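Protein chains in written order, with my numbering: chain F, 2 to 500; chain P, 2 to 355.
Hints may be right or wrong, so weigh each one.
[To be verified] Just a few of them, taken from the derived set where beta-carbon distance is under 7 Å, the chain F residues facing chain P:
(1) 340
(2) 372
(3) 373
(4) 378
(5) 387
[Stated by the list, open to error] With a straight-line Cα cutoff of 20 Å, these simulated EDC-like cross-link-like pairs (lysine to aspartate or glutamate) come out:
(6) P:347 x F:164
(7) F:119 x F:164
(8) F:21 x F:324
(9) P:70 x F:371
(10) F:462 x F:474
(11) F:469 x F:481
(12) F:160 x F:128
(13) F:367 x F:18
(14) F:411 x F:257
(15) F:411 x P:138
(16) P:232 x F:18
(17) F:208 x F:256
(18) F:119 x F:131
(19) P:347 x F:403
(20) P:68 x F:371
(21) F:56 x F:88
(22) F:487 x F:497
(23) F:56 x F:37
(24) F:205 x F:230
(25) F:208 x F:193
(26) F:479 x F:497
(27) F:205 x F:164
(28) P:347 x F:257
(29) P:347 x F:18
For the record, the hints were derived by calculation from the structure and aren't laboratory data.
Treat the numbers as computed from the prediction; the structure is a model and nothing was measured.
Glycine residues also receive a C-beta, built at the ideal position from the N, C-alpha and C atoms.
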Amino acid sequence: MINLKRLLRVRGGVHAEEHKHATADLPIQTQLPIPERLYIPLQQHVGKPAEPVVKVGDKVLKGQLLAHSQGMISAPVHAPSSGLIADINFYPAPHPSALPIRTIVIETDGLDQWCELKPVDDPFALEPEEISMRVGAAGVVGMGGATFPAAVKLNLGRKTEIETLLINGGECEPYLTCDDRLMQERADAIIDGVRIMLHGLQAKQAKMGIEDNKPQAIAQMRTACRDFDNIEVIVTPTRYPMGWDRQLIRYITGEEVPAGSRATDVGVLMHNVATAYAIHQAIREGKPSVTRVVTVSGQAVASPGNFEAPIGTLISELFAHADVGESQVARIVMGGPMMGEALPHSDLPIVKASSGLLALGADEIKPGAEQPCIRCASCVDVCPVGLLPVDMANRIKANQLDAAVSIGLKDCISCGSCSYVCPSNIPLAHYFKYASGELIGRQQAQHKSEQTNKLMQERNKRMERIEKQKAEEAARRKAEKEARDKAKREQAEAEEATP
Amino acid sequence: MKIKPVSGPHHNVNRGVSRIMLHVIFALIPATLFGLYIFGWPAVNLFVVTIASALLFEYLCLKMAGKPKTVLLDGSALLTGWLLAMTLPPWAPWWIGVVGSALAIVIGKQVYGGLGQNVFNPAMLARVALLISFPVEMTTWANVTPLFSESAPDFSAALQITFMGAQLPDALTGATTLGHVKTELSLNHWLPESLNSFIDGRDAWLGFMRGSLGETSSVLLILGGLWLLIKGVISWRIPFAMLFSVWIFASLFHGWNPAQYLTPWTHLSSGALICAAFFIATDYVTSPNSAWGQLVFGFSCGLLIFIIRTWGGYPEGAGFAVLLMNAATPLIDHYIKPRIYGRNRKGAPLEVNE
Ligand code: SF4
Ligand code: SF4
Chain F
2 MINLKRLLRV RGGVHAEEHK HATADLPIQT QLPIPERLYI PLQQHVGKPA EPVVKVGDKV
62 LKGQLLAHSQ GMISAPVHAP SSGLIADINF YPAPHPSALP IRTIVIETDG LDQWCELKPV
122 DDPFALEPEE ISMRVGAAGV VGMGGATFPA AVKLNLGRKT EIETLLINGG ECEPYLTCDD
182 RLMQERADAI IDGVRIMLHG LQAKQAKMGI EDNKPQAIAQ MRTACRDFDN IEVIVTPTRY
242 PMGWDRQLIR YITGEEVPAG SRATDVGVLM HNVATAYAIH QAIREGKPSV TRVVTVSGQA
302 VASPGNFEAP IGTLISELFA HADVGESQVA RIVMGGPMMG EALPHSDLPI VKASSGLLAL
362 GADEIKPGAE QPCIRCASCV DVCPVGLLPV DMANRIKANQ LDAAVSIGLK DCISCGSCSY
422 VCPSNIPLAH YFKYASGELI GRQQAQHKSE QTNKLMQERN KRMERIEKQK AEEAARRKAE
482 KEARDKAKRE QAEAEEATP
Chain P
2 MKIKPVSGPH HNVNRGVSRI MLHVIFALIP ATLFGLYIFG WPAVNLFVVT IASALLFEYL
62 CLKMAGKPKT VLLDGSALLT GWLLAMTLPP WAPWWIGVVG SALAIVIGKQ VYGGLGQNVF
122 NPAMLARVAL LISFPVEMTT WANVTPLFSE SAPDFSAALQ ITFMGAQLPD ALTGATTLGH
182 VKTELSLNHW LPESLNSFID GRDAWLGFMR GSLGETSSVL LILGGLWLLI KGVISWRIPF
242 AMLFSVWIFA SLFHGWNPAQ YLTPWTHLSS GALICAAFFI ATDYVTSPNS AWGQLVFGFS
302 CGLLIFIIRT WGGYPEGAGF AVLLMNAATP LIDHYIKPRI YGRNRKGAPL EVNE
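Same shape as in the complex, but just chain F:
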């Protein structure tokens, strides 16, 4: 089923242990009890945070606008359920640092009552611009984890006249099954979302890549798109990181996106299946992006599953629902185990990007003892970018960041494949993240010192100017005084001379 010519295009990658069986066959649970409180961060996307339009004490309905988007790249935020605005303040963000972020807190009333929705019967009668406008107004962002505002991307694709819309159904991260379930259960809605996007983009065709470990999803999607010649489902091998956009683009189209360019430069645009579904909901039903499907899994989870939960639900509540044994949790991860972020605790809300919540047990994360590098080159073989992780890590260890950059550090996508296979358990990807952070810090420091220099120079110039002015002033005064003295003297002489 897999095309050999295409297979040759795939570079690197690992056959990660899937761990998907725990949740792959469990239907999406939609009947979660509504949490008493929802914590909705105002920044769940790449770009500027949204600006609140409600105030504490306001009553809101489900789907009502809470905060509007600000600037070119931003996304609005809507109420995931009905209730009262209890607080607008800084609360810990679902991020490894758990740094506070501006958040709206809703005390739900349990009615889950929708505001008035404006569904569109025939989206294809709308102007393409109107599609992106509505998608933007519904707060749809990349649901695969990229969280880039979908409308901005649609506009970009339309302006650059892309030919092919790629739909990422790879879900290559282990453990996660939310996209798989979505494709199995809501294939028609996804295809509808894809068609709406095609219309919004004015693009010719869509191609959807799905890894071959999801035969049911493939079958469902193929059935759903059989009436549409311009939508094709393409089976990809199961190899992490197949869902890396550039890997999938290369696999499906054969095009390689040049370094520093965008996918649109080779005529394609990529969206995730969950985003397609969110767009379908936004246009057809007028529902903004207020829920998402989350996979809750891991060794410490007694009843794992796929839950459709309101944005802003606390992780601890989802965990309680999935019977997470608190004592067994060794690490909480938001996202997949390869690229996801470890969270410091579970009292953090889920956001639009939360595809998975993993409560991993000690056995699952047990790191092997770090041993010396044996130059086995496994890391080189698996790097999808074609980097030399072993050499980069050695240079970073020797504190030669520039040398590491010269062999491609900036092209690293932090996929973690190298760390995953290293027999010596060297945390390679960790070094690269650390070094990238260090580089950014350095750049900022340099920027700062440049700024200070500039200010200093300006100040010096100003001082010089003032000094010069002062000197000129003094000289003028002196000259004037001399002139006056001279005049006096002359006058005196003249008076003397006058008998």
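Following the hints, complete the assembly by docking chain P with the ligands onto the known chain F.
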């Protein structure tokens, strides 16, 4: 619930260095057992002495360097000793094994800073150093005398051979195939007769012939090598490039003048080549990292082996060839790097073709 955040991946396969080493050793077992069987007790003695001394030297070095003793368990010293023992003449005296192990572990590995730091393959370094320093002991090849066969020395005779420096009667030793050919050619005897009287093709592949302790049976070595390939411990690139280049050059020259150049199959059936291709040239530490680098490395090894065997002063060239290419590895790694996604080989971004 409070948990310390750490960066991903949050989950990995713990293959471990020792697992890899044990896989390689496992793959060596058939050929080793076969060697021990056909060369009898003296070979067993030498094998035990070599491995024990390799472990001892590793232990002493770790102690001196103040490194944890658990490193001894990573299996790398065991493997180095094992590989060295396999390449020694089976009836060599005990001190050959001890000196060899010292060279391999101390000079070949630990002076560079231990596992992963060395430039040369330790076992090959030791073997070549021994060959140059003790040419007589290193080129005295025992006859095939399977354990418990009539011609085989019994245990006490074996102790005499290994530890007491008992003189080997000429009747019990002889030349290896490649050594024989070299001598014959130097006497202007042409190949077909001299070979036909010397070997039987099937025995050569199976390994019933004179040679190094564990290198006579090409078939068993190939089996072990294939098993490593299947297990993903080694990649196909170095062994295949190496065997291919020996084969292609041997074919060309043999086709041109069959009287003077051996057939490609005689070349390939030499266990030393197979052992080097699958177990020695593939040593991670001393071979290039990139796919193309590995192909170049393997191909060059093969070419050097052919050159040394054909025109060099020694009948077997695998050790020298691998060492020479080890020295070239940093250069290969410097010049041959994988192409980065979205960039050309020079590192500049690809052009966007409209
Ligand atoms: S995978 Fe680990 S041990 Fe192997 S070369 Fe890379 S860093 Fe070294
Ligand atoms: S983390 Fe970076 S270096 Fe490692 S495999 Fe992924 S892209 Fe390559």
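Cross-check of the supplied hints:
Evaluation of the residue 340 (chain F) hint against chain P yields a held restraint, the C-beta minimum of about 6 Å falling below 7 Å. For the restraint placing residue 372 (chain F) at the interface with chain P, the shortest Cβ-Cβ distance is roughly 5 Å, inside the 7 Å limit, so the hint holds. Given the 7 Å rule on beta carbons, the hint for residue 373 (chain F) holds: about 5 Å separates it from the nearest Cβ of chain P. Because the closest C-beta pair between residue 378 (chain F) and chain P is about 4 Å apart, less than 7 Å, the hint holds.
With a least beta-carbon distance of about 4 Å to chain P, the hint placing residue 387 (chain F) at the interface is held under the 7 Å criterion. Taken as a hint, the residue 347 (chain P) and residue 164 (chain F) pair is broken in the structure, with Cα atoms around 30 Å apart against an allowance of 20 Å. Straight-line distance between C-alpha atoms of residue 119 (chain F) and residue 164 (chain F) comes to about 30 Å, which puts the hinted pair past the 20 Å bound. Our distance criterion of 20 Å between C-alpha atoms is met by residue 21 (chain F) and residue 324 (chain F), whose separation comes to about 18 Å.
Among the hinted pairs, residue 70 (chain P) with residue 371 (chain F) is consistent with the structure: their alpha-carbon atoms are about 15 Å apart, no more than 20 Å. As the CA atoms of residue 462 (chain F) and residue 474 (chain F) are separated by approximately 18 Å, the hinted pair is consistent with the 20 Å bound. Among the hinted pairs, residue 469 (chain F) with residue 481 (chain F) is consistent with the structure: their alpha-carbon atoms are about 18 Å apart, no more than 20 Å. For the given pair, residue 160 (chain F) sits about 14 Å from residue 128 (chain F) by alpha-carbon distance, which is consistent with the 20 Å threshold.
Distance hint between residue 367 (chain F) and residue 18 (chain F) is fulfilled; the C-alpha atoms sit about 15 Å from each other, no more than 20 Å. Restraint check for residue 411 (chain F) and residue 257 (chain F): satisfied, since their Cα atoms lie roughly 17 Å apart, inside the 20 Å limit. Taken as a hint, the residue 411 (chain F) and residue 138 (chain P) pair is broken in the structure, with Cα atoms around 55 Å apart against an allowance of 20 Å. Taken as a hint, the residue 232 (chain P) and residue 18 (chain F) pair is honoured in the structure, with Cα atoms around 16 Å apart against an allowance of 20 Å.
For a cut-off of 20 Å, the pair hint linking residue 208 (chain F) to residue 256 (chain F) stands: about 14 Å separates their Cα positions. Taking the CA atoms of residue 119 (chain F) and residue 131 (chain F), the gap is about 14 Å. The hint holds against a cut of 20 Å. With a CA separation close to 17 Å, the supplied pair residue 347 (chain P) and residue 403 (chain F) stays within the 20 Å bound. Restraint check: the Cα-Cα separation between residue 68 (chain P) and residue 371 (chain F) comes to about 14 Å, which is no more than 20 Å; the hinted pair holds.
Pair hint residue 56 (chain F) plus residue 88 (chain F) holds up; C-alpha atoms about 8 Å apart against a cutoff of 20 Å. For the hint pairing residue 487 (chain F) with residue 497 (chain F), the CA-to-CA distance comes to about 15 Å; that is within 20 Å, so the pair holds. Annotation: proposed proximity of residue 56 (chain F) to residue 37 (chain F) holds, straight-line Cα distance about 19 Å (limit 20 Å). As the CA atoms of residue 205 (chain F) and residue 230 (chain F) are separated by approximately 10 Å, the hinted pair is consistent with the 20 Å bound.
This hinted pair checks out: residue 208 (chain F) and residue 193 (chain F) have alpha carbons roughly 14 Å apart, not beyond 20 Å. Only pairs whose Cα atoms come within 20 Å are accepted, and residue 479 (chain F) paired with residue 497 (chain F) is rejected, the gap being roughly 26 Å. The suggested pairing of residue 205 (chain F) with residue 164 (chain F) holds, with an alpha-carbon distance near 6 Å, which does not exceed 20 Å. Of the supplied pair hints, the one linking residue 347 (chain P) and residue 257 (chain F) holds, its CA atoms being roughly 16 Å apart against a limit of 20 Å.
Restraint check for residue 347 (chain P) and residue 18 (chain F): not satisfied, since their Cα atoms lie roughly 35 Å apart, outside the 20 Å limit.
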